[in-house]
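Participant: Based on the provided sequences and hints, a complete structural model is requested.
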Amino acid sequence: MGAANRPRLAVWKFASCDGCQLSLLDCEDELLTLAGAITIANFPEASSAVEEGPYDLSLVEGSITTPHDAARILDVRQQSKCLVTIGACATAGGIQALRNFADVEDYIAAVYASPAYIKTLATSTPISAHVAVDFELRGCPINKAQLLEVISAFLAGRRPQIAEHSVCIECKRRGTVCVMVQGTPCLGPVTHAGCGAICPAYRRGCYGCYGPMETPNTAALAREWQALGARPDDIRRAFRTFNAAAEPFARESAAHGD
Amino acid sequence: MGTKTLRVDYLTRVEGEGALDLDVSDGKIIAARLNIFEPPRFFEALLRGRSYAEIPDIVARICGICPIAYQMSGVHAIEDAFGIKVGGQLRALRRLIYCGEWIESHALHVVMLHAPDFLGYPDAIRMAADHGDRVRDGLAIRKAGNALMRILGGREIHPVNVRVGGFYSLPSRTELAPIAESLERARDLAIGLVAWVAGFPFPDFERDYEFVGLRHPGEYPFNEGRVVSSRDIDISIAEYETEFEERQVAHSTALHSVVRRRGAYLVGPLARYALNFDRLPASVQALARTAGLDAVCRNPFRGIVVRAVEILYACEEALRLIAAYEPPDMASVPVQPRAAVGFGCTEAPRGICWHRYEFDEGGLIRTARIVPPTSQNQPSIEADLAEVAAGILDQPDEVIRDRCEQSIRNYDPCISCSTHFLRLSVRRT
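Taken in order, these protein sequences are the chains called A and B. Numbered according to this note's numbering, the first sequence spans residues 1 to 258. Numbered according to this note's numbering, the second sequence spans residues 259 to 687.
Since the hints were made in silico from the structure, they are not lab data. Note that CB positions come from ideal geometry on N, CA and C, so glycine has one too. Misleading hints may appear alongside valid ones.
Pair ranges (Cβ atoms, derived) [what the hints assert, rightly or not]:
| no. | chain 1 | residue 1 | chain 2 | residue 2 | range |
| --- | --- | --- | --- | --- | --- |
| 1 | B | G476 | A | G175 | 38 to 46 Å |
| 2 | A | V181 | B | R547 | 34 to 42 Å |
| 3 | B | R624 | A | G229 | 41 to 49 Å |
| 4 | A | P115 | B | R489 | 28 to 36 Å |
| 5 | B | R547 | A | R231 | 55 to 63 Å |
| 6 | B | R489 | A | E164 | 55 to 63 Å |
| 7 | A | P115 | B | G307 | 16 to 24 Å |
| 8 | B | V657 | A | E164 | 18 to 26 Å |
| 9 | A | A109 | B | R518 | 22 to 30 Å |
Facilitator: Pasting the structure below:
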């Protein structure tokens, strides 16, 4: 394909740790091939050559936490034919959405001596709360094989093939013995697949970094956790991490603790 | 006298969002301000009330490029509070996973983000058209570091296997064998990388930094040591706040750290290397000398050479640790929380990362304080910028801008941590 006709990619950052866009640079074997199939038109973390929009595909990392970013995402949407959110921050608000359950003024005062200098919103919200999103790729961080699938699907004009079942299925495929039956609380039964069920393979419970699967039965899982000795505040904290503001997790967390 | 403003939309090839203002009056730099407007995420606030056991998973999310640094400073601080000692092969495995992070992070910066500055390309992908083998070698080095992170951590970004007291699961010798093969190749490539970057054109620029880093009795530092400086500081990790202070400035969401008695200081590869050259193996010292480095390097632009030397060191150290590895009986030592305060400080790829936590009797966090490398380097970055720009004020704005951006990239600033975009304004009055 001639360089002029290649699809134009942009990568955008909002409140985040940079880990999801780093996944693109982590595709060591595929990066130069990918660079031959698309034009990286706007990827400031990787390149000083920043081209004007519009863009064919925008990958958006991070959540909306400032008035400035709430305005900026509207502009990104306007310049993007297709907008895909990458990661738990962009898709669910991220760990910084713990402020949604707290008093943001108290948060600011805990970190900064002069709170007046800090401009922030009371909530951290996913991109979909602000603009239409064409596809949401989950994970904290995203899986780079899934990222390549999303980009390839976009290049081919098809829907990405991303499984929506729970982490449990990935454990079965991997041949990992269930950690719950060994007495370790695990969020795998309610968590969206995609990571490859890493935590149980490393002998620990899943901590839900890919967020809720479709129609999760969180209440039933919470009862299993209680049977394993988990206290209400343990359960509340377990649902309040990197996808705390995702509705099924937020609802379940509110049912436990004070 | 007229005012002239140059505006560049953002600083690229760094991690995070920032802008730069230069105030120039009568041909002199009045002020250089690095404005970090990365949206604050309030980690120190959201950690309150969380369990000690959650710290490694939560603090990893401060930075996707150096999650191990945050996990290691975190677990050491917790173990300090609870009176736990992690030794033997578990300690060695912590050092090993840290080698993986240095290799992947340094290779990313040296080849993908920084080398294009010296050779005049906007990015590594376009640089690859003329220097394809070098870019592929850099990616291969990075891949070896990531493979090490993956086997020990479960994944390279936000690893899941680090816990208070050790690990959840231990690798077998058989699992480490293929990693050693890729590290041997990475070590050979790193020798070539050192020679390549040593040949870049460097501006004749030095500053008399106060270098700050860890110093260990027998090792090039990763996880342990005293906090020392090239002047007179030599304190325990717990005493950090007696010498260093974080200050808030109006133009940045990242706090600025200073030596209370003096001001700006420097952490990271240049500091670590200057303070610990004698701790490097003779083979690495010899290669550094061949690359034109003395035992101390005060030219921040040559930091790229020091980083490449540290990649070589991390490959050699990882190979040594793998060769000596025997799986211990237990993946972690028992942990019993207590009401206490603990301190941890480790050498992130970009410099020391200091943590302090106060726990209640059940191990819930009462207060947390995290000082990342980039906030410590901010005053030094600003001082560099003032001096770099002062020497080229007669040049066109584009030249000033490019050199300023390059000066900032010398630090491999991880602005997400301290809190990638630089808007440069030069105001001439």
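Participant: Hints first: check each against the structure and report whether it holds.
Facilitator: Hint-by-hint comparison with the structure:
| no. | hint | result |
| --- | --- | --- |
| 1 | B:G476 x A:G175: 38 to 46 Å | holds (43 Å) |
| 2 | A:V181 x B:R547: 34 to 42 Å | violated (59 Å) |
| 3 | B:R624 x A:G229: 41 to 49 Å | violated (25 Å) |
| 4 | A:P115 x B:R489: 28 to 36 Å | holds (34 Å) |
| 5 | B:R547 x A:R231: 55 to 63 Å | holds (59 Å) |
| 6 | B:R489 x A:E164: 55 to 63 Å | holds (58 Å) |
| 7 | A:P115 x B:G307: 16 to 24 Å | holds (20 Å) |
| 8 | B:V657 x A:E164: 18 to 26 Å | violated (53 Å) |
| 9 | A:A109 x B:R518: 22 to 30 Å | holds (23 Å) |
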